[in-house]
Structure formats: C-alpha cells, structure tokens
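J.: So the chains spell out like this:
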Amino acid sequence: MDPFRVLIGRTVVLPMDDVDTDQIIPARFLKGTTRTGLGQGLFADRRYGADGTPRADFPRNRPDAAGATVLVTGRNFGCGSSREHAVWALMDQGFRAVIGPSFADIFRGNALKNGLLPIAIPAEAHARLAAAEDASVTVDLQAQEVALPDRTHVRFTVDPFARHCLLEGIDEMEFLLSQESAIAAYERTHEEPSGRGTSQGRT
Amino acid sequence: MTLARPRTLFQKVWDGHVVSPATADTPAVLFIDLHLIHEVTSPQAFAALRERGLSVRRPDRTVATMDHSTPTTPLAAGARAVILDPQAATQVRALEENCAAFGIPLYPLGHERQGIVHVISPELGLTRPGLTIVCGDSHTSTHGAFGALAFGIGTSEVGYVLATQCLLAWPPKTLAITVRGRLSRGVTAKDLVLAVIGRIGVGGATGHVIEYRGEAVRALSMEERMTVCNMSIEAGGRAGMVAPDETTIEYLAGRPFAPKGAEWDAAVARWQTLVTDEGASFDQEAVLDAADIEPMITWGTNPGASIPIRGTVPEPAGDASIARALAYMELVPGQQLLGRRVDVAFIGSCTNGRLSDLRAAASVFAGRHVADGVRALVVPGSQQVKKQAEAEGLDRVFREAGAEWREPGCSMCIAMNGDRLEPGRYAVSTSNRNFEGRQGPGGRTLLASPLTAAAAAVTGRVTDARELMR
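Residue numbers (this note's numbering), protein chains in the order written: chain U, 1 to 203; chain S, 1 to 470.
Just so you know, these hints were derived from the structure itself, not from any lab. It should be emphasised that the depicted structure is a prediction, and the values quoted were computed from it without experimental measurement. The beta-carbon is built from N, C-alpha and C at its ideal position, and this holds for glycine as well. Only true hints are included.
Derived Cβ-Cβ restraints for the label pairs, each shown as a range:
#, chain 1, residue 1, chain 2, residue 2, range
1, U, Glu-133, S, Asp-283, 30 to 40 Å
2, S, Gln-336, U, Met-16, 19 to 29 Å
3, S, Gly-424, U, Gln-144, 44 to 54 Å
4, U, Glu-187, S, Glu-51, 19 to 29 Å
5, S, Thr-23, U, Val-6, 26 to 36 Å
6, S, Val-332, U, Arg-55, 22 to 32 Å
7, U, Met-16, S, Arg-359, 34 to 44 Å
8, U, Ala-143, S, Pro-423, 45 to 55 Å
9, U, Leu-177, S, Val-287, 42 to 52 Å
10, S, Val-287, U, Pro-160, 32 to 42 Å
11, S, Val-332, U, Gly-49, 19 to 29 Å
12, S, Glu-315, U, Glu-187, 52 to 62 Å
In silico EDC-like cross-links for lysine to aspartate or glutamate, where the CA-CA straight-line distance does not exceed 20 Å:
#, chain 1, residue 1, chain 2, residue 2
13, S, Lys-12, U, Glu-191
14, S, Lys-173, S, Asp-25
15, S, Lys-173, S, Glu-278
16, S, Lys-12, U, Glu-187
17, S, Lys-387, S, Glu-400
18, S, Lys-12, S, Glu-278
19, S, Lys-12, S, Asp-245
20, S, Lys-173, S, Asp-283
21, S, Lys-387, S, Glu-112
22, U, Lys-31, S, Glu-97
23, U, Lys-31, S, Asp-85
24, S, Lys-260, S, Asp-245
25, S, Lys-12, S, Glu-285
26, S, Lys-12, S, Asp-283
27, U, Lys-31, S, Glu-96
28, S, Lys-260, S, Asp-60
29, S, Lys-260, S, Glu-250
30, S, Lys-260, U, Glu-191
31, S, Lys-173, U, Asp-159
32, S, Lys-260, S, Glu-246
33, U, Lys-31, U, Asp-45
Heads up, incomplete: computed chain U residues facing chain S, CB under 7 Å, no partners named:
#, residue
34, Asp-20
35, Leu-176
36, Gln-179
Could you build the full structure based on these sequences and the hints that come with them?
T.: This is how it looks when you write it as structure tokens:
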C-alpha cells in the first residue's frame, strides 16, 4: 500500500445524509472476484439514467468534477452493507479521501484498510466545505488537519494505529501476523471448543 | 475477598477473547471463534492469502456456504440448480475451489444444509452463546441473539481472520435497549426492531454494541430474537446481543454441532454466566414500551423511515432527505400507506426467512388467494427450513394461494441472483433494507413483517394483517 501523508485535491460535493453502500455500488456490481474495475459501478444508479446516459444533475458528472479526489458528503456515509467494494469503487474512480460529519463503522474500517481516508469534521466546518463546489483542500494526516479553501484549518482524528499504518504504507495483516506467539498461547489456554471434532454433523 | 467489577454481557464475551489488550497506540487483538464465509465477499480475501503465501490458520473454525448470487428458481424434485449468470457461476466456482484448496467445510448449492449463512449457522448449532462470530456480511449481527458477539466485516478483514483467526478492534461502546411489557397480538419481532430503529435512527447505534433487554425481549423465541438482532446494523450498531436463557438452551439442545454429554453440561453452566451483572453500566440506554408498538411499515429509503401500519407518511418540513425519499417512493406526505396498491410481496431473507416466519405468512395465505396482478415470492432461508415447511404442508398453502415457493437463498432481498423488483414497482418485503434500488433499480420497498407482507399479497394493498387474523 502506498503511504498516505499529504493529499492536495479538489472536492466534489454529494450533499446527502445516510448514503448507503447500495448507493455507492449497487449489488449487481458485486459479482466479480477481483478488487479491480469496480469504478464503473460507483454511484451507478445516480450517475446514469435508465438508458445508460450520464445524468447532468449528478455532481460527479460535471466536467470540472472529473479530477476530484475528495468526496464531501453528509452524515453517516457508508451505512448498510459491509461490502468493501464500496471503497474499491471510490478508489478506482480516483477518490483518496471522504469528508463528512460522520461515517458508518464498517465503511470507515474498510476505507482505512485501503488507504481511503475518512475524515469526520464538525458540522460548521462541514457546512462551509459543502457550500464550496470544486474547492481545493489540503489534507495533512500527520498533523490531522484539513486546510479549507477559506484558509481556515480544521482538526480531525484518525485512530492512532490506522494512522500509523497509513503514514507508513503498511497494513494490519503484518501486525496480526507478528502476534503469532500470543495467538498460539491464547489457543492453548483460552479457546472455547469448536464442537466440530466430536459432532455427528461433521461435513 | 474483593468483588469483581460488574460487567455487561458484551464485556464478558469481549474479555474472554482478548489475545492482547488495546494500548494507547494499538487496538486489541481479538480471537474469533467462528468465521462464516460466502461467495460474494471472500474471493478477494483468498487472493490476498495467495499473494502472501499464507494458509488458512483454522479451517476448523471456518464454515462456507453460497447464498447471495445463487438462483432460487423452483426445481423439480431431484433436479440440480443451474446458475445461468456466468459471473455468478464463476464466483460460486471460486468459493468451491478456495474451500477445497484450504480445507474449509462448504455447504454448496444442492446440499441439504445449504442456505443463507445467517440461517444455517444457528440451525447447525454452530452459533452458540459467548462466541465471537464474524462474516463478510453486515447481517452477521443476527447471531447475537444467542449472546454471541457477532459482527460484519469487510473483505480485508475476512483475509485477516482466514490468516490469523484474529481481528484488530478498539473496544466499542455499549447501548442497552430495554423493551418493557409484552407485544400486543399481531405485533411481531420485526415490528419491534423497526420501532427501535425508528426511535434511535439509522445512525443511532453507530460505534455501539446493543444489548436488547426487558420482558418483551425475554418473551421472544430464538427465531424472533434473530430477527431483532439481525437489524441492529440498520441502526448502525456494531452488533446486537440478547443474553442466553432457557429459550436459548432449549433451541440449541440436540443441534448437530451443539456439544454433547458432559461437554453440553459444562457449556450450559458457562452460558448461564453470560448475563449483564447487576450494577453494570452502559454508555447509553433507551427504553420502549412494548404496548406502544404497532405493526410497522417503512415509507422511505432507509429502515428508520417507518410508521405504524395505520399511520401517515410524514411531511418533509424542510428536511431534504425526507423530500428526496418521498420523491423516490412517489408518496404524498400526510397520506396513509394503508390501502395503497402493491405489486410484489417478498417473504424471506436472513431477517424473516425462518420456519416461524413462514408459518406466520401461511396463516394469512391459508384459504385465500394472491390478489390479481400481485407477485408473491416465498423464499425459505435454508434447505432445512424448506424441508420442515414442506413437512408441515406450508408449501401447499403457499402454492394453493398462488404464491411462488422457491429454493433457499438471499433472493430479492439483495437482487443479485435475478430475483429483482422492476422499476417503479412497490414491494412489501420482509427483508432488511429499503435503500433506493436495493431490490432492483428503481424498485420501491416497504419493509414489514411476514404477516403484513402476506396480507399485502392476498389483498393487493397495504393492509393491517390484524384485520385478516381469525
């Protein structure tokens, strides 16, 4: 994974609360077996009309939004399904950060594991940012600060471990693998019986 | 002697699974007792294992089935299902190959134990009190009905659990939801949980593990508790739990993977300690009176947008999200849903696809017929549910009423397998999500109980099922 330190990017605003992962990528796009190419399904039912043509009223379809890397959206973004495809689809379309007042738990976790930074900022700063289309923002993960177009700075927090992993470009798997002796010790002493070995229902 | 600090049910299960505790800089390493996998969210995780040359650490703690993208088309006796969608077929084949390569037990299409992952694990007795259970599916919260700590994870985490049988997690907060008194006649567990979500909102439990408590919860059967815990995620909850009791123990006794003999006795003794101690505190609490809960139905595009069946659709009053939802649903503020024409009734899913749900639906279908122009789908949650329903003759009730009696799977809840709601159509569905396009692009979902869905099927309109109950 590439390290995430400073992101200078332009915003596109999707001014809606409770954007669920079915909106981010509808289930019919989940039938693949790889992490790639999911961008074509991103917001598919919002971006395109029933006849497949891009809808002019969808913010991302505006010509000036094509290069946006920061999605500004409403509260509880990413609620619903656990599909990590939502994160892969956003990243496939070039997004590197999502800024909103709050995020759903599973989405936030999935995003952090892939290098898509979920940034929760207070409502007042969020309202200012959401009012400015195609704004330029600078995200500094080390400082946990976003510089807004009006030159104000907003602080945010990311859990310290996820932040460390992002700054270093490492993933959680490495850390878990390094816990081998502790895991083995737990298995010897604490583990609940799985019930499989003695069962008549063994497959 | 010092008295132990009182702990919640959640805290006890969490504490028992900490491999390494959280520090200021690192989350806790949590041991996972049971990892359920399915065809849609696992292929990329197996690919990650292969890229790193890793194996599956505990195939004995991993169980696979296929449910999301599999067909539910009715089959002649003895016939084998054929997956016509080449992408779905590839995904299913990938699961078969991955399970074979890594030694993971699989209940494939056609197996007598195949079904929706959250239906088969409890049926098999794999889901038990005090376990940590994860699956790459947000409705893993279902298993909390047994007093397990069960939650949905993304595909990266599926890979971590395959490789290490552990996850990294910061301790969540706790939320007690107490439901006092008893539910009225004709009011179901689905209505209870829709009322809860309506009360606290779709983000109301974010960051929290819910414990459902109180007389109304204690009075629920295991299947009803599963319906409630299933939809914890629809309030944003990390998990939902119910403390195990006699109902839980009775359900588990004799299940294929339940402990036997002395192991069973030891397990029951352990399970009986899994209650929230007197004096333990929760980060948040909410209290509902069961007597206030009516049969519920959703009008909007998230599961929190519900009203009592005889209630009226709200006015936007300047709220853009309500206005948006009303436009999508083509509903007029201030009007009742009662009496509105519907096109489809969908009975099934991990929320309401178990035997008691089908019995409830059949009680409405019996002696009646699906209304003209309405399509009614009844999709059992598993092969075992199907078999039991057929043994009771429920399939005949559905067929004679003109409803489709289908093969088990997720079906029109997620619309990945060809079972799809057409654009602009209205479905009363027993599933868990009414998001825009969830049951098919442009489709409109009204979430409700099996009683309400069956009543809509036979009347062709949104109906208060209590009017049809004898």
